[in-house]
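Asker: Chains as they are written, first to last, in the numbering used here: chain A, 222 to 402; chain B, 380 to 933; chain C, -13 to 301.
It is possible that part of the hints are untrue.
What the hints assert, rightly or not - Restricting the straight-line Cα-Cα distance to at most 20 Å, the calculated cross-link-like pairs of lysine to aspartate or glutamate (DMTMM-like) are:
(1) B:K809 with C:D40
(2) C:K201 with C:D40
(3) C:K275 with B:E452
(4) C:K7 with C:D209
(5) C:K279 with B:D843
(6) C:K275 with B:D843
(7) C:K41 with B:D888
Stated by the list, open to error - Label-pair restraints from in silico Cβ distances:
(8) B:F513 with A:I298: 54 to 62 Å
(9) B:K929 with C:R39: 27 to 35 Å
(10) B:Q613 with C:N54: 22 to 30 Å
Stated by the list, open to error - Not close to chain B: a few residues of chain C, all C-beta gaps over 10 Å, as computed:
(11) P64
(12) T78
(13) Q89
(14) A199
(15) S223
If you are wondering where the hints come from, they were derived from the structure by calculation, not from laboratory data. Everything numeric in this text was worked out from a predicted model, so none of it was measured. Idealized CB from N, CA, C, for every residue including glycine.
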Amino acid sequence: MIKMLVFTEVFFFLSLIMAYVYMVYYGDTRSTKELQALHISTTSLFTLVLLGSSLTFYIAERNYLKGNIKQLKTWLIITIILGAIFLVGQGNEYYRLINEQITLGASIFGTNFFTLTGFHGFHVFVGLILISILLTMAFLGDFKDKNSTVIQTIGIYWHFVDAVWIVVFTIVYVLPLTLNA
Amino acid sequence: MDETIPAPFQNMLPAKVLNRDQKLLQWISSVDHKQIGIMYLLLSLLFLVIGGGEALLMRTQLAIPNNHFLSPEAYNQIFTMHGTTMVFLVAMPAIFGFGNYMVPLMIGANDMAFPRLNAFSFWITFFGGGLLYFSFLAGGGPDAGWFNYAPLNEYNYSSRQGIDYFAIGLLLSGIGSVGGSINFIVTILNFRAKGMRLNQVPLFVWMIFVNSFLILAAFPCLNAALAMIEMDRQFHAHFFNSASGGSALLWQHLFWLFGHPEVYIAMLPSFGIFSEVFQTFSRKPIFSYAIIASSSVAIALLSFGVWVHHMFAVGLGNTVNSFFAASSMLIAIPTGIKVFSWVATMYGGSIRFSIPMMFAIAFLIQFTFGGLTGVAFAIVPIDWQLTDTYFVVAHFHYMFVGGAVFGLFAGLFYWFPKMTGRMLDEKLGKWFFWLFTIGFNTTFLIQHVLGLVGMPRRVFTYPDLPGYGTMNFISTIGAFMMGIAAIVLVIAIMKSRKNGVVAGKDPWDAVTLEWYCDPSPDRKNFDKIPLVKSRRPLWDLKHPENPDWKSKIN
Amino acid sequence: MRFVTIFFLQSVLHSASTQAKEINKLFGIFTIAAVLLLLFVSSLIIYICIRFRDKPGNPIPVQIGKNNRIELLMFLFPTVMIAIFLVLTIRTINRVMKPARGQPDVIITGHQWWWEVYYPATGVTAANEIHLPVNRNLLIEFHSADVVHDWWVPEFGNKMDVVPGKNNHIWLNITNAGNYVGACSEFCGAEHAWMRIRVFAEEEPAYQTWLDANKKTASIPSDELAMRGMILFQSASCGSCHRISGTFSKANIGPDLSHIFSRTTMLSGMMPMNEKNLHAWISDPQLVKPDSKMPDFIFSRDSVNAIVHYLTQLK
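Kindly produce the complete structure, drawing on both the sequences and the hints.
Answerer: Written out as structure tokens, the structure reads:
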């Protein structure tokens, strides 16, 4: 079921990405100046944090399957913290850009950048809510049995969100470096 | 006779009786696929009447040249809402209605995979539609057409909030469609009766299955476009404003990436219904199940490669136009093959002219006609002449009404006995059929000519050029015939619920599993079902001397 | 294609340009094929319904569900037809729509809800009613001042969208002189229905005459009433939307009025050009063409008379 949801969300992000690539890289107003305002160094760090959260979630899942509920809870908490750090990092990037007058309404770049990364961030946020629900369920003792598929299901969603970020990060942050070089 | 207990809910408490004491509350809180299916169908019927009313208003305004029955603002809102209503609030809910009721029955399941998601999907569709219509009370409905082109849909050209209600209402209903589709896919994959392979499901189930993937892939493109226009309108982003570097064409691309698959989303389930109807009322297996099934997959895949044929006159260049001409013509092949298959099903059969079958036969001719005008539009230079005229209005109504809606009517008459335990009134049904079919063809056949003499679409009035007035008037008469037919249908439904001829489990002598359970089943559809060995399990049961799995027809 | 043309004065099938002729050739071939196919399918269905109808005592039909040869045929036949039409289509596309080369002969700009016309070679600016020479390969370029519109005259063949931010073009070679009527063919807002097009296709001499007349600066008022009208025109800010050559007014938010009274219709084909209609329009624009951009100036009757009188002298 979650794979169907991932399927449909893939198309949504594809639409946003297509719009981004067309307008930022091929539009009449090539956004080279604004692209230079992006900080790839800090964002790379936060990217690693997000990818790390995928790993921690995976560890949590393995622990659940082995029956280590305490470890499950610990690693879920770490996952949430890492995810939250990522969002804080995104927020920081937004704050910086807005201070440099790059906003949603300022330019083509602003429009596309904030939309694409914003929807991704929103999906991360929803993911954090879902994982928090998982954590609550774990604390309420719902995962004593090893037969539940809930954790694995949420895991697929969370890994999907990370995979999307890898694509978005490449297109938004990495690609300009190759084009300018 | 091998009988197995259907999964899921093998452990389900008998809970045989739906709580009928609490009436409305029971319906509102129901998670039973049959009740949700009926609610979807009622929603669809309600909006069919509303959308039809909008059409009658339009046709009244267009009955004579230079008419002043409706102001341009009123007319533009009404034609926008007519299109939006029919596509999103009539076609989609009807598909989910029949799908919800019938798919579990046809695969021998006791409910959908996710009953609560099912209920949620219905209610958010309902409220999305409500929000869309609320716009009339909040300053006016959307008035930029159902495809809502940029930059007309931007805040500086459409300052009232109608467009916002359009965007958000559709985003909400879209969530319902996605939820419903996920439900269908998981149900069909996991809850088939024992022995029923995926290539043995009834063709209606198969169509719903393929359709669900189409919905999952197409609706996000619309959602992205709607999100973008709201960003433009509310936060002054620059997606579609060319003055600030945006692209008016980006909207068209995103919209039609959704829009073209959407028309197949509206059609495929009706293809499924007709496949069932042709099979049952010709007393023969459907001709080449494999072709009909595989061609729908081909159509689904190809439907994502043809969207520019809505944009041939936009100036994208000869190369692009040629490519999409090729792909659009290509998609005619799997569609045409289906028509031949249905005809071949009838050939050599023993045809009973029940009302569903009458709709099916009318459909064949109307759909062939509409399909041919569609091929005309794939021929780019012809499109350059006729797009955005009444010729294209005629074309797509032949497909939508003469195709998809006729399928829904066939499904209604076919499955009414299963849903209510009574037959839908035969005499009123015949009146309805003839009134509607003659009305429909009167309305739209002449619109082809109107397009050829140069009448553009979406005009609230027209000058008194030769022939325009007469032809429009004839079209209006046809529309009112359809309106009267609709009244007949509503009367027929209300009458048959109370006084219709009582039907048994299998009034049509059909061959698929839904006719095995009781009519209007209680909470649990099946206690036992036969082991499925072919595509026509009931045929096998009724003809043990000549079952499908023994002959080569499987 | 005359015998097919049961249609009236204007029609897609009355080709008046080389492009339209080319398109209608293909249309004709297609129509014949389509009609034949439709007849075949319909007669087959009717035959089947009669021959194989259910009669009491009918045996159960032979339960055949497939036939490889027929399936192959069902697939091959449409494929062959499509291949043929695809070739014809691509050929016609390239004959009708050629890439733009050189200076455009006419630049048409779509506004909500009127057409601005500019002839670069001579600098003539007009509105809504277009004069074009026959038997010349004309390059027509399209701009949009606001939303997406579409320029279409049925007898001329292909329509072309007018898209903001994009300059589209068509090549047009009109073969038959005459007066042609067209319409905006992309929904563009409230008064889309009244954004009609008129083309006067003329032989060279007549066309040159019209060009020369329009090149001239707008007439100076010849009597006192007209003079009052002109003064009102300038002082009441009509000039901030409407250009009149030789005066301070240079704007193109509304149609150019330098030769307004030489036009046969007004408000983009909505009504004939005469004093009465001009009077009604200026007195209460929103009553005549609701939602149009022209404000209601709440002039007195005398003022309207003066302005109308001035406009009637702008031939």
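Asker: If any of the earlier hints don't hold here, list their numbers in rising order.
Answerer: 2, 4, 5, 8, 10, 11 and 12
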